[in-house]
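This note's numbering puts the sequence shown at residues 1 to 623.
Some clues are possibly wrong.
[Unchecked claim] Derived DEER-like restraints, expressed as beta-carbon distance ranges: (1) A81 / L537: 41 to 47 Å; (2) P106 / N552: 56 to 62 Å; (3) P403 / E63: 44 to 50 Å; (4) Q246 / L301: 38 to 44 Å; (5) S330 / P161: 22 to 28 Å; (6) N38 / R506: 21 to 27 Å; (7) E411 / L537: 48 to 54 Å.
[As the list claims (entries may be wrong)] In silico SDA-like cross-links for lysine to any residue, where the CA-CA straight-line distance does not exceed 25 Å: (8) K606 / P563; (9) K622 / S536; (10) K498 / Y86; (11) K182 / Y86.
Note that these hints are calculated values from the structure, not bench results.
In this text, all values refer to a predicted model and were calculated from it rather than measured experimentally.
We put the CB at the ideal spot given by N, CA and C, even for glycine.
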Amino acid sequence: MKKILIVCFAFLLSIPFLGQGIPPREEVNLDEVYSQYNLSGEGVLVVILDRGIDYRHPDFIDENGNTRIAYIYDMLDPTGAGSNPYGIGTIFTQAQIDAALDNNDPPLSTDRYGHGTATTGIAAGNGSGTAGLEFQGVAPKATIISIKITHDPFPAFGSEPGQSGFFDPSYLPVAMQFAEDKIAELGLPAVTLMNIGSIGGPTDGTSNIARAIDDFVTNTGTPFLCGVGDDGGNDNHASGTISSSQTIEIEIQKGETGNVRFDLWYSEDDRFTVSIERPNNTVHGPFTAPNGPNASADQNLGDIQIYHRGANVEFWQATSNRRELMIDISGATGTYKVILEGTQINNGGFHATLNPSTYYNNNKFLTFVTSGYSINDYASSNLVITPGDYVVQNEWIDINGIPRDITGQGEAGELWIGSSSSPTQDGRLGIDFVAPGEVCHAAYADNTYYESFSFNVLQNSNGLYGIQNAVSAAAPLSMGVIALMLEVNPDLTPQQIKNILHDTSRQDANTGTVPNDTWGYGKLDALAAINAAYASLGVSENNSLEATIFPNPSNGEFTIVIPNAISKIKVELNNTLGQVLQTTYYESTNSINYRIDGASGLYFLKVINEETNLQKTIKVIKN
Numbered sequence: 001m002k003k004i005l006i007v008c009f010a011f012l013l014s015i016p017f018l019g020q021g022i023p024p025r026e027e028v029n030l031d032e033v034y035s036q037y038n039l040s041g042e043g044v045l046v047v048i049l050d051r052g053i054d055y056r057h058p059d060f061i062d063e064n065g066n067t068r069i070a071y072i073y074d075m076l077d078p079t080g081a082g083s084n085p086y087g088i089g090t091i092f093t094q095a096q097i098d099a100a101l102d103n104n105d106p107p108l109s110t111d112r113y114g115h116g117t118a119t120t121g122i123a124a125g126n127g128s129g130t131a132g133l134e135f136q137g138v139a140p141k142a143t144i145i146s147i148k149i150t151h152d153p154f155p156a157f158g159s160e161p162g163q164s165g166f167f168d169p170s171y172l173p174v175a176m177q178f179a180e181d182k183i184a185e186l187g188l189p190a191v192t193l194m195n196i197g198s199i200g201g202p203t204d205g206t207s208n209i210a211r212a213i214d215d216f217v218t219n220t221g222t223p224f225l226c227g228v229g230d231d232g233g234n235d236n237h238a239s240g241t242i243s244s245s246q247t248i249e250i251e252i253q254k255g256e257t258g259n260v261r262f263d264l265w266y267s268e269d270d271r272f273t274v275s276i277e278r279p280n281n282t283v284h285g286p287f288t289a290p291n292g293p294n295a296s297a298d299q300n301l302g303d304i305q306i307y308h309r310g311a312n313v314e315f316w317q318a319t320s321n322r323r324e325l326m327i328d329i330s331g332a333t334g335t336y337k338v339i340l341e342g343t344q345i346n347n348g349g350f351h352a353t354l355n356p357s358t359y360y361n362n363n364k365f366l367t368f369v370t371s372g373y374s375i376n377d378y379a380s381s382n383l384v385i386t387p388g389d390y391v392v393q394n395e396w397i398d399i400n401g402i403p404r405d406i407t408g409q410g411e412a413g414e415l416w417i418g419s420s421s422s423p424t425q426d427g428r429l430g431i432d433f434v435a436p437g438e439v440c441h442a443a444y445a446d447n448t449y450y451e452s453f454s455f456n457v458l459q460n461s462n463g464l465y466g467i468q469n470a471v472s473a474a475a476p477l478s479m480g481v482i483a484l485m486l487e488v489n490p491d492l493t494p495q496q497i498k499n500i501l502h503d504t505s506r507q508d509a510n511t512g513t514v515p516n517d518t519w520g521y522g523k524l525d526a527l528a529a530i531n532a533a534y535a536s537l538g539v540s541e542n543n544s545l546e547a548t549i550f551p552n553p554s555n556g557e558f559t560i561v562i563p564n565a566i567s568k569i570k571v572e573l574n575n576t577l578g579q580v581l582q583t584t585y586y587e588s589t590n591s592i593n594y595r596i597d598g599a600s601g602l603y604f605l606k607v608i609n610e611e612t613n614l615q616k617t618i619k620v621i622k623n
């Protein structure tokens with residue numbers, strides 16, 4: 001019997017939950033999905049690019065004691081780099097993971113922060129850490145691939161050492177190639193989530209990574225998700241227009257110690273000088289612009305680094321004809337001014353962002369502030385599916401039985417204050433829909449940074465589950481719903497999935513008229529999406545019998561119309577499993593008032609001419 005290490009982690013960042021209060025699964029009608037359809041994500045592959053996974057958590061082990069993980073690709077472990085075709089990191093197979101579990105070996109790969117474990121638990125955890133499966137994820141029988149592509153910094157806690165942060169964007173194309181290869185190898189319908197990224201970059205779909213995502217979707221024929229970002233709720237975007245000989249001052253409040261990054265994008269056809277003024281009124285510059293698209297004009301000012309790049313040498317390897325002015329400020333707090341003077345202006349427009357500048361810190365623009373344009377650059381890909389985040393509830397009960405709550409981040413039903421906003425810098429809607437992320441429940445692993453905050457570990461969780469919020473929770477919840485859609489219809493294309501999610505998202509008083517730049521097409525409705533996935537299935541039917549129904553969808557009451565009266569008619573109602581639910585007979589009519597007595601969902605109505613045996617099967621949706 002496999003020996004399982006208990007894993008628990010807590011953090012104030014993302015997770016779905018089922019027990020206390022109104023869990024996200026209830027909010028998006030997942031309970032209705034499970035009651036109407038026998039869905040679990042079985043036979044579907046979920047690929048997650050994140051901070052790794054604690055494979056020893058019971059959520060990722062099946063009822064036979066075997067791992068549910070097909071591969072772990074730890075890109076930060078160099079020991080296997082020489083023996084895999086990707087030249088980076090170490091790959092662990094399902095057999096190796098099972099052997100490590102059987103032998104109670106030291107962990108092959110870890111998630112010391114906890115974010116990747118929580119992400120995977122929300123999307124596909126089986127909830128087996130509690131007898132009642134209270135904290136089960138959305139697709140509990142899906143096959144998992146975990147790709148550890150980054151890790152976050154944290155200080156030492158308890159007996160555990162701290163960790164320095166690591167992220168290398170050059171790893172992302174390699175990770176996507178690995179995912180593409182394994183999707184092909186396993187031959188399962190698949191959905192991929194990259195649960196990383198923040199504000200900065202061109203956010204116009206032309207960066208190297210945004211284009212790599214488009215290529216991935218095209219090459220694999222599978223959907224790819226990336227959360228919109230957690231950079232809303234503050235003055236972290238500035239935009240405007242500069243004209244020839246005009247001087248403008250973009251003021252920045254650096255309210256936090258550490259580094260703040262200013263990232264400005266403008267046309268290659270424009271030129272302006274750059275000066276920067278410190279809080280003590282010391283001015284550096286003016287510095288001239290790069291001569292052309294292949295030129296740089298960088299400046300090292302000690303605690304201020306200025307990187308001024310032409311369109312062909314900016315850091316994001318974008319294909320748009322735009323220049324980048326990036327300034328890293330690591331010095332004292334206070335007000336800084338970026339002073340621009342137009343010297344050659346043909347376009348004049350610019351967009352600038354600050355990072356970090358989120359709802360909880362004091363870094364922000366003081367001039368040229370413009371709402372929106374705060375989405376994650378990866379989310380600006382043309383083919384990506386991008387969810388935002390809204391509040392379900394702000395309360396929970398911790399492991400010690402103490403009620404806890406989060407204030408000031410939005411009330412139930414409202415957009416989470418930190419959810420990033422559209423549009424992209426090229427003017428596209430950057431959000432597809434929003435999903436619940438505040439507050440959610442997810443898998444926690446022991447000896448992780450998350451777990452060190454005991455007030456985030458949930459009551460009745462056996463120490464294995466805690467709260468997670470933010471877009472990092474909404475995105476894996478959305479991924480799980482897509483996995484269920486693919487279980488229904490494995491042939492759904494990424495565009496069909498996106499269209500279904502757009503069409504079935506609901507609006508209310510909070511969303512207002514949709515689509516819009518904060519809510520996308522509205523709030524995720526899993527039941528409506530699953531019904532639409534069933535409706536997309538091809539139905540074998542004999543169309544020799546002409547028959548139509550209206551309205552469809554309906555409240556369960558509709559009219560069957562047959563052009564010519566038939567002496568003997570049989571109407572048979574079937575569920576999605578092919579089981580006959582109702583059989584009724586009619587004589588000498590061409591119009592039938594019909595009623596479905598069952599629950600809301602998808603049905604198949606078979607109308608049969610009993611004399612000729614000609615028939616027609618019609619998909620029917622009861623709202």
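May I ask which of the numbered hints given earlier this structure violates, with the numbers listed in increasing order? 3, 4, 7 and 10
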